[in-house]
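Residue numbers (UniProt numbering): 1 to 313.
Think of the hints as simulated: they come from the structure by calculation, not from any bench. A hint or two may mislead.
[As the list claims (entries may be wrong)] Using 20 Å as the maximum straight-line C-alpha spacing, the simulated SDA-like pairs for lysine to any residue come out as follows: (1) Lys305 with Pro43; (2) Lys66 with Arg104; (3) Lys66 with Leu160; (4) Lys305 with Thr44.
[What the hints assert, rightly or not] Across the chosen pairs, the derived CB separations fall in these ranges: (5) Thr226 with Gly139: 29 to 37 Å; (6) Gly243 with Ala47: 51 to 59 Å; (7) Phe222 with Cys257: 31 to 39 Å.
All C-beta atoms, glycine included, are put in the ideal place defined by N, C-alpha and C.
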Amino acid sequence: MSQVLETLDTPPSASPFPASDPPDDDPAALAARYGLTVSGARPTLPAYVRQLWARRHFITAFATAKLTAQYSQAKLGQVWQVATPLLNAAVYYFIFGVLMGTSRGVPDYVPFLVTGVFVWTFTQSSIMAGTRAISGSLGLVRALHFPRAALPVSYALQQLQQLLFSMAALVVILLCFGVPVGVSWLLAVPTLALQFVFNAGVAMIVARLGARTPDIAQLMPFLLRTWMYVSGVMWSIDRVLSGHPDMPRVVLLALQCNPAAVYIDLMRFALIDSFHASQLPTHVWALAVGWALLAGVGGFIYFWKAEETYGRG
């Protein structure tokens, strides 16, 4: 019996762990040894881009499904994709074109206005959808592992698809008001491509902000409404600037370099023959490319830096 007690009291002569195993108080080394990684850790930027490209089919399918379901409960269904911006344009024409007289001195005012409304709606809807891209999809974010940037990009793609449906109505309006088809219409393709990159970048910025502060979604309509009024949707920036030569230069630059106004005016220049190049700001294509790169690349990196935080808390 004494030998048994002596054996129990005797401490083990060696650690129970093999010499090559790290101690329990070093979890990082233990995880590295067995190839374990942190769940939801942010990948490197090149790896993140590859992951997003690998999910391109999901992004397209998700955007199409959202677009199809958007008006599924309405009796007119997808007709509202065209009717909504047209009704907005009709309201703006009555208020600004008729009551406030902004149509004076603007040739082809109805095509001018409808083009501005359609292009602006693309940017507005992309940003509004982006604010809820993460906070409104928490179930999907927490259930599946995928690059979260796929969500704001897919919402921007959904709005691009909706704009393409609306463009059919825009073409009819242009033809009805005597605007001829021209080679310049091909410029609408690069304009929409640049605007899509810009919209997707801004959508990613507000998606990260909205994921942390859901109240951003309540504030955004007021910011977007203010932005719309200074973007020349219902009035001609060139006409206002020419009528106020004493305007401060900082205000002049802000109006001319406003990204929403840049894309709207480029689309007008492409589609409306009475809208001349002299009405565009200097180096307009450089501005359009610059805004697209700044918002697209900057927004993507800004969103990626918080990748591991989305859906937590």
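Structure-based check of all given hints:
| no. | hint | result |
| --- | --- | --- |
| 1 | Lys305 with Pro43 | holds (10 Å) |
| 2 | Lys66 with Arg104 | violated (40 Å) |
| 3 | Lys66 with Leu160 | holds (12 Å) |
| 4 | Lys305 with Thr44 | holds (10 Å) |
| 5 | Thr226 with Gly139: 29 to 37 Å | holds (33 Å) |
| 6 | Gly243 with Ala47: 51 to 59 Å | holds (54 Å) |
| 7 | Phe222 with Cys257: 31 to 39 Å | violated (22 Å) |
Hints 2, 7 from the earlier list are contradicted by this structure; the remaining hints agree with it.
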